[in-house]
Amino acid sequence: MDWKHAKSLFIIVFILINIGLVVVYFNKVNNSIVQESNAQSDVNFAKEGIDIPQLPEYRDKKMQAITGSSKSFDSDELEGVYSLSEKDTKINKDIDADLDKDSKQSSFKSFINKDAFKGKDYEYKKNNTDKNKVVYEQNYEGLPILNNNKGQIVIDMDNGKAKSYTQTYLDKLKPGNGDNNNKRTIADAKTALETLYYNTYLKKGDKVESVRLGYYSVVKEIGGQVLVPSWEVKIKSEKDGKTDTKTLYIDAIKPESTVLEES
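The letter at position 97 of the sequence shown is residue 97 when you use full-length UniProt numbering, and the numbering goes up by one with no holes.
Keep in mind the hints are simulated off the structure, nothing from the lab.
No experiment lies behind these values; they were computed from the predicted model shown.
Misleading hints may appear alongside valid ones.
Okay, the calculated beta carbon distance ranges per label pair [claimed, not checked]: (1) VAL218 <-> ASP171: 17 to 27 angstroms; (2) GLU256 <-> SER164: 37 to 47 angstroms; (3) ASN181 <-> ASP60: 13 to 23 angstroms; (4) GLU141 <-> LYS190: 20 to 30 angstroms; (5) ASP156 <-> ASP42: 27 to 37 angstroms; (6) THR191 <-> GLU77: 24 to 34 angstroms.
The beta-carbon is built from N, C-alpha and C at its ideal position, and this holds for glycine as well.
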């Protein structure tokens with residue numbers, strides 16, 4: 001047998017074997033990374049001692065950032081007796097309708113639709129905890145403008161009876177400009193909670209009281225606002241015998257980005 005040919009053949013076989021081993025190794029590494037990532041993202045909140053409600057589902061929901069600005073009201077647009085404040089951006093009005101704490105929400109909504117400016121653009125805020133107020137939030141494409149005092153109707157209750165309300169309105173709501181602001185599929189609610197868990201905002205013994213999808217303002221300027229698709233998560237915690245409730249906002253498109261706390 002020719003030694004030179006044998007040597008060349010041996011080298012080729014050796015190289016092929018090493019290439020094969022490298023491929024096998026990286027396949028195992030990649031599989032390991034995927035498995036670890038999947039395992040990491042699948043949190044069993046019950047086992048972690050975290051109480052969560054039934055989570056809302058939005059299958060293949062696509063959203064994008066929007067912009068808007070506070071509306072300055074004009075007397076030609078309003079009816080009845082009212083006053084304006086905050087540079088004409090807030091309506092103040094007494095209520096003479098028979099509404100009290102025992103009235104159905106449909107009764108409140110009928111009143112809002114009839115009496116308020118573009119009342120049909122507002123929906124009842126279910127997770128409001130102030131018993132002396134009934135809050136309606138402005139909506140955009142069926143989702144609420146979250147925790148925004150520039151797009152709300154707040155009804156003041158006195159001894160269980162509706163006495164007056166204030167109203168603000170975000171005008172000219174539309175998709176924000178920019179090449180990177182195309183509609184994108186949002187992360188689901190569980191992913192938002194997992195983001196809070198892995199960043200230690202959500203801990204053992206905590207109770208998630210509500211989870212909502214909507215638009216949260218990340219830029220609040222006099223001239224306008226930028227609102228991004230966000231998950232709103234309200235968490236109740238017990239520490240040293242004291243109860244603490246906080247509300248956090250997670251970017252629904254990029255949940256790994258900054259978590260914002262209610263301000």
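A quick look at each hint next to the structure:
1. VAL218 <-> ASP171: 17 to 27 angstroms: With Cβ atoms ~19 angstroms apart, the hint holds.
2. GLU256 <-> SER164: 37 to 47 angstroms: The hinted range 37 to 47 angstroms holds for GLU256 and SER164, with Cβ atoms some 43 angstroms apart.
3. ASN181 <-> ASP60: 13 to 23 angstroms: Cβ of ASN181 to Cβ of ASP60: about 19 angstroms, so the range 13 to 23 angstroms holds.
4. GLU141 <-> LYS190: 20 to 30 angstroms: 23 angstroms, holds
5. ASP156 <-> ASP42: 27 to 37 angstroms: At roughly 45 angstroms between Cβ atoms, ASP42 and ASP156 fall outside 27 to 37 angstroms, so the hint is violated.
6. THR191 <-> GLU77: 24 to 34 angstroms: 42 angstroms, violated
Of the hints listed earlier, those the structure fails to meet are numbers 5 and 6, in rising order.
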